[in-house]
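Q: Going down the list, the protein sequences come from chains A, B and C. This note's numbering applies: residue 1 is where the first sequence begins, and numbers increase by one. This note's numbering applies: residue 1001 is where the second sequence begins, and numbers increase by one. This note's numbering applies: residue 2001 is where the third sequence begins, and numbers increase by one.
It is worth saying that the hints were derived from the structure and are not from the lab. One should not assume that every hint holds.
[Claimed, not checked] Heads up, simulated EDC-like pairs for lysine to aspartate or glutamate below, C-alpha to C-alpha not over 20 Å straight-line:
| id | chain 1 | residue 1 | chain 2 | residue 2 |
| --- | --- | --- | --- | --- |
| 1 | C | Lys2195 | B | Asp1118 |
| 2 | C | Lys2113 | A | Glu291 |
| 3 | A | Lys142 | A | Asp157 |
| 4 | C | Lys2113 | A | Glu10 |
| 5 | B | Lys1081 | C | Asp2188 |
| 6 | C | Lys2195 | B | Asp1108 |
| 7 | A | Lys142 | C | Glu2189 |
| 8 | A | Lys248 | A | Asp157 |
| 9 | C | Lys2113 | B | Glu1019 |
| 10 | B | Lys1081 | C | Asp2074 |
| 11 | B | Lys1081 | C | Asp2038 |
| 12 | B | Lys1081 | A | Glu10 |
[What the hints assert, rightly or not] Stretch by stretch, here's where chain A covers chain C in the computed footprint (C-beta under 8 Å, at least three residues):
| id | segment |
| --- | --- |
| 13 | 2028-2036 |
| 14 | 2088-2102 |
| 15 | 2166-2174 |
| 16 | 2237-2247 |
| 17 | 2261-2268 |
Beta carbons are placed, not taken as given, at the ideal position from N, Cα and C, and that holds for glycine.
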Amino acid sequence: MSGPSRRGRERAQLGFLLGPVSAFLTIFLGGPLAIMLIYSFLAPGLYGGVEWQFYPHNFGRILGFADPEFEDFDPVYLAIFLRSVRIAATVVIITLLVCYPAAFQISRLSEKRKSFALFLITLPFFASLIVRLFIWVLILKKTGFVNLTLQTLGIVDEPLELIYTEGAVILGMVYIFIPFMFLPVYASVEKLDWTLVRASQDLGASGFQTFCRVIFPLTLPGVIGGSIIVFIPSLGNFVVPAVLGGAKTLMLGNLIEQQFLAARNWPFGAALAMLVMSIVLLLLFIYVRHETRRGDDAPGIR
Amino acid sequence: MAESIVRLEKARKAFPLPEGGTVTALDGIELEVARNEFLTLLGPSGCGKTTLLHAISGFVELDAGRIFVDGDDVTERPPHKRPVNTVFQNYALFPHMTVGSNVGYALDISGTPRMERDSRVGEALEMVGLGGLQNRLPRQLSGGQQQRVALARAIIARPKLLLLDEPLSALDRKLRQAMQIELKTLQAELGISFIFVTHDQEEALTMSNRVAVLDGGAIQQIDTPRAVYNNPANEFVASFIGASNLFRGAVKGNTVVTAGGDVIQVSVDTTSMNQVTALLRPEQYAIANGERDASAAYMDVTVRQIVFTGAGYELHGETASGHTVVATIAAAQQTQVANAETSRRATLSYDPAAVHLIPASGGKP
Amino acid sequence: MNFVHKLGSLSLIVYVFIFFAFIYLPIALIVIYSFNADPVNMMRWSGFTIDWYRQIFGFRNASSEAALYIESTDQLLAAVRTSLIVAASTTAVATVLGTAAALAVFRYSFFGKRFYRVLLFVPMLMPDIVLGIALLIFFVGVGISLGVGTIIIGQCTFLISYVFIVVSARLAGMDRTLENASADLGADEWTTFRKITLPQVMPGVVGGALLAFIISMDDLVITYFISGTSTQTLPIFIFGMLRRGIKPEVNAIATMMLLFSFAIAALGLYLNRRKR
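In isolation and in its complexed conformation, chain A is listed as follows (with noise of 0.2 Å):
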């Protein structure tokens, strides 16, 4: 029990309870991104495969710089990358305006009230998502709900263009990510102290003084956490422009599915996912920086 052999055990049981998840985080984690970030940088072969040389053309294709022998530079990807940008942000936006509210309803509901519209609102994050996005189709194609019940009032002749659209992806993710923005800006909203809205309200602030100075400001850590939870998955995302929109709104991940299955054109590919990666890290890098120097700051507000 003294010093050494005390140390000496914690470290066995340190290592029986680390060592099988590490090792199985190196090999099937570590090992595909590094082998990733290594295709991204290699020729793509003639039919499919690799050539093991150093090629920079790949992030080339869509930043500008295209392999001149081949291709002259086609500002497509780009176009493509920004327009998963702008929906990835517009999502961001709708969910927020449709969560914040809500929340703040919500927490002031009695105990058990409240409880109950979490579990309703937790609840479709379990369900599958191909199914949830499936209704959608179901919803708004031509012969869709929303087309047939407008036809039978009357209200339009020709069935509306719902399905396939920018609009219909956006909404697809909105009715998707909704619990993920909704949770953490919850968090926020139940924690903030009324005392302090009465506060600012007795010092002579009006109610929309009183949301931008300090409603907001204190509710802002979960507006930025569940903002960021939300563009991630958005940004990348796969399934929901292949499900609901069509060749007008390919996004990153179905140009990175085409590379893979379709193409066949990996260190294309892997480039792209380098990309959508490296964007990822830099949000979350400039997320945890801004939260730990907030913390030192003000160690009150949490």
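Given chain A's structure and the hints, the job is docking chains B and C onto it.
A: Showing chains B and C alone in chain A's frame:
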């Protein structure tokens, strides 16, 4: 059989600080606790009292020094092999076990036969006044009841020593006072030594056989409550226990003269002393009637504030040199109090024999 | 002022109802229309039937028209079986590894602990398409043939994170003095782990396992890339059906999947509340 139940020799422990450097929690502690003694460790937060307790229970490994329990060296033993039990500050009741399983835990571990275990659990719960609550869960009990369960759980294995880590701090005032008396009675009944940690000086004075006052990882004084209160070893002890008026100054014959020129009469032998601190407790003062008594000493003060405390008054004043003085005045002196209130002046009397002198070397600045 | 206030909170209440309607009306719709008899347009109501349910369980239907739409029942059942095998295996592996990691990070201090904790969040936050293709390149590059085995390995890489987080949250809520109290009362480390620590974290472990099971059953993107050509899980089967054109029995399959995941989720939430 050893004389003392616990003995610490030169116990030393330092903790690394997150920002670098270390903080000394135990600075060469020497301590002996007698059989059947109720010892209280008293001190401000961070004084090392909890570390000392954890060193005895085994949750803290000493950097140097030895610990003996009932004559056995337990310094290297892990907590579960030490014959001491602890009542934790937050009770640490196992939330997934019933009251009965909590109390019987130590017996289950040691493999006590079912019949004996059950009867001892019943006895222990009876002893703390919770008979019949075996099948409740801890969260179904009140704070006071949880406290008693923790106590029953800690005494059931008949430890040689019971450690209590601020066990009453979460209770409200009334309940706390009731529990103080109960703990004292229980200790007498069980005949085992208690080491009780607290930062509440009143609690320490009421319950203990001896009080050890800690500061900066060292024992400042260890003595009976009365001695600690009346004859504090240094300024820290004097100001930490009870309210106190301290006058630092030089001995001149039968007086102590402060740097500001205040004079305190004393009647103890001052021949061996030079620089001292004179201690006058607030209750040693009265307001003088006008006629002067040769055996008493007097002090003129400007009245700053008089507060009614129910049992009497508290007079806050200032001497000519600006030294703050607090005096407790008996309710019977309400005429004098009224005069002092209107004139904003008062003459306080005190007995020179009651003044306690602390040698300057013994005190922290 | 007061009137404005009341109007404000009333509109908020109405808003919350609309919010929940947006979440649940589509789900209600699919459940209702799974009983629609119309074989051509699933959204045009033409009578009540349970034929689609009979069909997915392999019964012959009275209406021969409906028979035209039978997607192979065998394929569906095979997909369900694959999904269950994958989910059961990944849950077992991810729960053991994730719980071990959570215990290690909670209990011991070691070099790089903070880094390790962050690292365990990464697979969960990584876009699944990135993880999917990285695994695909890896398996093909190393020469492991795609199938049930690769799906299990691939899903475990991120399910470990989920279990780790759920168990860690439970551990963080645990009072560490309980372990001290147990040692103080004479229990050695192993006994303390068995009698105090384990019962305390068990709800977290069960919760993590249920979560892992549901996510595994539902995973589409990662599985899509590493399942190979001959293996299909349920989500991939449905994804394929959606791409080939929708058949009426998809409604019935979807409804049953919804019920299944809701039942497991409700069970998990119920257990979690009861154990606390």
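Q: Confirm or reject each hint.
A: Cross-check of the supplied hints:
1. C:Lys2195 x B:Asp1118: 19 Å, holds
2. C:Lys2113 x A:Glu291: 19 Å, holds
3. A:Lys142 x A:Asp157: Roughly 12 Å between the alpha carbons, so the hint for Lys142 (chain A) and Asp157 (chain A) holds.
4. C:Lys2113 x A:Glu10: 15 Å, holds
5. B:Lys1081 x C:Asp2188: 8 Å, holds
6. C:Lys2195 x B:Asp1108: The given pair, whose Cα atoms are some 11 Å apart, holds under the 20 Å limit.
7. A:Lys142 x C:Glu2189: With Cα atoms ~66 Å apart, Lys142 (chain A) and Glu2189 (chain C) exceed 20 Å; violated.
8. A:Lys248 x A:Asp157: Violated: Lys248 (chain A) and Asp157 (chain A) sit about 25 Å apart, past 20 Å.
9. C:Lys2113 x B:Glu1019: Within the cut-off at roughly 18 Å; holds.
10. B:Lys1081 x C:Asp2074: 63 Å, violated
11. B:Lys1081 x C:Asp2038: 76 Å, violated
12. B:Lys1081 x A:Glu10: Holds: Lys1081 (chain B) and Glu10 (chain A) sit about 19 Å apart, inside 20 Å.
13. 2028-2036: holds (count 3)
14. 2088-2102: Contact hint for the segment 2088-2102 of chain C vs chain A: holds, 4 residues under 8 Å.
15. 2166-2174: violated (count 0)
16. 2237-2247: That given contact holds, which follows from 5 residues of the segment 2237-2247 of chain C lying within Cβ reach (below 8 Å) of chain A.
17. 2261-2268: Coverage by chain A holds for the segment 2261-2268 of chain C (5 residues, Cβ < 8 Å).
In summary, the structure is inconsistent with hints 7, 8, 10, 11 and 15 from the numbered list given earlier, while agreeing with the others.
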